[in-house]
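Model the full assembly from the supplied sequences, consistent with the hints where possible.
Residue numbers (the numbering used here), protein chains in the order written: chain A, 1 to 190; chain B, 1 to 406.
Think of the hints as simulated: they come from the structure by calculation, not from any bench.
This structure is a prediction, so every number in the text was calculated from the model and none was measured.
Built from N, CA and C at the ideal position, the CB exists for glycine as well.
Any given hint might turn out to be false.
As the list claims (entries may be wrong) - Think about it this way: if two alpha-carbon atoms lie no more than 16 Å apart in a straight line, the pair counts; the simulated EDC-like pairs of lysine to aspartate or glutamate are:
| no. | chain 1 | residue 1 | chain 2 | residue 2 |
| --- | --- | --- | --- | --- |
| 1 | A | Lys14 | A | Asp34 |
| 2 | B | Lys100 | A | Asp22 |
| 3 | B | Lys176 | B | Glu310 |
| 4 | A | Lys81 | B | Glu310 |
| 5 | B | Lys100 | A | Glu27 |
| 6 | B | Lys65 | A | Asp145 |
What the hints assert, rightly or not - Computed from the model, here is a short list of chain A residues facing chain B with C-beta under 10 Å:
| no. | residue |
| --- | --- |
| 7 | Asp19 |
| 8 | Asn26 |
| 9 | Asp56 |
| 10 | Ala59 |
| 11 | Tyr76 |
| 12 | Trp104 |
| 13 | Lys105 |
| 14 | Leu108 |
| 15 | Glu113 |
| 16 | Asp116 |
| 17 | Asp127 |
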Amino acid sequence: MSKKALQAVQKKFKARILDTHDRLGNETLVVHADGLLEVCTWLRDDDKMAFDMLSDITAVDYLNRSPRFEVVYHLYSTRLKHRLRLRVPLELDGLRVASVSGLWKSALWGEREVYDMFGVDFAGHPDLRRILMYEEFVGHPLRRDYPIQQSQPRMDLRRTERDAVEEYRYYYLSNTAPPRLGEGHVGEDA
Amino acid sequence: MNQPRSLDAMHPDANAPKHEEVMVLNMGPSHPSMHGTVRMVLTLDGETIVKCDPEIGYLHRGFEKQCENATWTQVFPYTDRLNYVSPLLNNFGYALAVEKLLGIKTTDRCDYIRTLMGELSRISDHLTALGAGALELGAMSAFLYAIEGRDLLYDLIEEVTGARLTVSYARVGGLKHDLTEDFSERWASIEPRIYDVLRKLDQLGTKNRVFMDRMQGTGVISQADAISYGFTGPSLRSTGVAHDIRKDHPYFAYDRVDFEVPVGSRGDNYDRYLVRFAEMEQSIRIIRQCLRDLPAGPIMVDAPHVVMPEKADVYNSIEAMINHFKLVFEGIQVPAGEVYSFTEAANGELGFYLVSNGTGRPWRVRVRPPCFYLMGGIDRMVEGAMLSDIIPTFDTINMIGGEIDR
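Printed below as a string of structure tokens:
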């Protein structure tokens with residue numbers, strides 16, 4: 001991706017693009033959170049851009065800087081073989097950005113991880129829950145103000161709604177008959 | 001002898017619906033046919049998978065958090081433990097990222113050795129993936145042959161690096177040390193044995209009826225889906241996309257060696273198997289060329305602000321001693337900035353996104369593990385298929401716990 005293409009993007013989305021650079025051969029756009037979805041859709045569908053793959057999503061916590069967080073997207077085009085980085089700056093009290101999982105499926109898991117590690121809320125994500133940590137985990141471990149030695153509260157034994165082992169015990173180990181499953185069940189016909 | 005009764009006769013109601021309600025089955029976290037600790041919460045309709053929800057994180061140890069509290073050099077041992085089947089590739093990937101940030105170019109000899117050792121690692125990774133895959137489909141002897149081949153490579157790697165798995169062989173700006181003097185002869189002696197292993201695996205697997213039935217047409221993913229899910233490496237190539245970072249964005253000495261990128265067409269388990277198989281042969285080709293063309297010269301760049309001084313100098317000159325002290329205690333001073341560096345690891349694109357604030361410790365180290373996104377798409381590959389299809393699909397994806405959970 002050349003400098004020219006970067007300028008073209010900047011021209012097209014003037015109000016949305018806060019900054020561009022291509023240091024170390026990494027073309028970068030700093031995009032305002034409001035315009036992310038619009039810019040991403042165009043980058044994916046435009047013939048000269050054709051970013052059909054979202055390589056990675058991550059975030060960086062700059063702690064003493066304002067805006068404090070940045071969500072970072074790495075795009076790749078398998079056809080044109082070029083790359084682009086998008087950075088979306090976010091403040092702690094507005095840690096929310098539109099989900100791009102409708103454009104690229106890899107965002108389904110990528111955004112879950114960023115949510116888990118940084119607490120960024122991805123609006124429109126169909127299944128936003130923790131991925132590496134467990135549900136009861138308190139805090140977001142990759143934030144810079146999360147101490148490395150931090151311990152976690154004890155939690156109760158988890159009771160899931162349907163547990164395969166419990167079901168097995170109920171049906172096969174106790175002598176209670178399984179509940180009727182309705183007409184047409186194999187037990188009824190035979 | 002009585003005629004066997006047909007199955008229909010034994011089950012007159014074979015066409016009647018047998019199950020009105022789906023069942024939830026937890027496969028894992030420690031399942032005998034799943035190498036790596038991962039749990040799949042499966043919703044089953046009979047033996048058909050309705051929904052597959054992989055749950056990862058059982059090996060999470062805070063790699064990225066630990067890196068923020070280590071110097072740039074101290075990260076190397078952590079990278080060994082990402083993909084622990086091909087640690088050299090992780091080492092080199094991270095080293096390349098830091099070197100990009102520092103703006104230094106490694107020496108020719110170092111580039112060739114990194115290429116060479118990386119390919120050794122790639123073969124050992126593929127052998128493990130194929131061997132373990134065969135084992136889980138019931139081919140115990142194929143696994144043993146594959147592991148024999150892997151051990152030959154590990155012996156060679158151990159001789160050069162001093163360790164089989166926890167190699168920590170790369171350094172910022174070069175390598176820990178040079179190849180051993182008899183490396184070429186050692187390789188020449190094991191190369192025919194690796195070929196022998198490959199031939200045996202080929203005979204046991206490729207045309208085996210049982211193996212083919214389990215692999216062909218299972219775990220299928222379309223090209224468009226594979227791209228959208230962020231698949232890379234053999235899994236993407238099996239769908240027909242000739243995407244190989246070694247060819248498209250060459251690093252190290254890959255632009256100076258000749259090799260081909262094997263591509264599949266159907267995107268099923270069998271194609272992923274064949275792609276891996278063909279890649280091992282290409283890797284052997286690369287190793288041969290590297291040994292033939294290996295240039296003489298230093299393995300470390302001439303950059304005192306990055307590279308440790310010689311031990312003799314440390315003891316005998318005050319400048320080298322101060323330099324050594326600064327490098328150990330304060331670490332390499334990396335200029336502020338950010339970089340995304342990507343290499344072709346055995347499973348796909350291994351990316352490192354580094355952010356430096358200009359000190360001796362990284363502000364942020366993000367690793368993009370290839371199998372994280374592969375696992376993110378596994379539900380797409382198995383939903384609607386039979387329960388038993390999970391096993392070969394999981395194998396050919398080759399999820400590595402250390403890498404996906406970090």
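Right, here's what the structure says about each hint:
no., hint, verdict
1, A:Lys14 <-> A:Asp34, "holds (13 Å)"
2, B:Lys100 <-> A:Asp22, "holds (13 Å)"
3, B:Lys176 <-> B:Glu310, "holds (12 Å)"
4, A:Lys81 <-> B:Glu310, "violated (42 Å)"
5, B:Lys100 <-> A:Glu27, "holds (14 Å)"
6, B:Lys65 <-> A:Asp145, "holds (11 Å)"
7, Asp19, "violated (13 Å)"
8, Asn26, "holds (6 Å)"
9, Asp56, "holds (4 Å)"
10, Ala59, "holds (9 Å)"
11, Tyr76, "holds (8 Å)"
12, Trp104, "holds (6 Å)"
13, Lys105, "holds (4 Å)"
14, Leu108, "holds (6 Å)"
15, Glu113, "holds (8 Å)"
16, Asp116, "holds (9 Å)"
17, Asp127, "holds (9 Å)"
Figure legend: structure checked against the earlier numbered hints; hints not met, in rising order: 4, 7.
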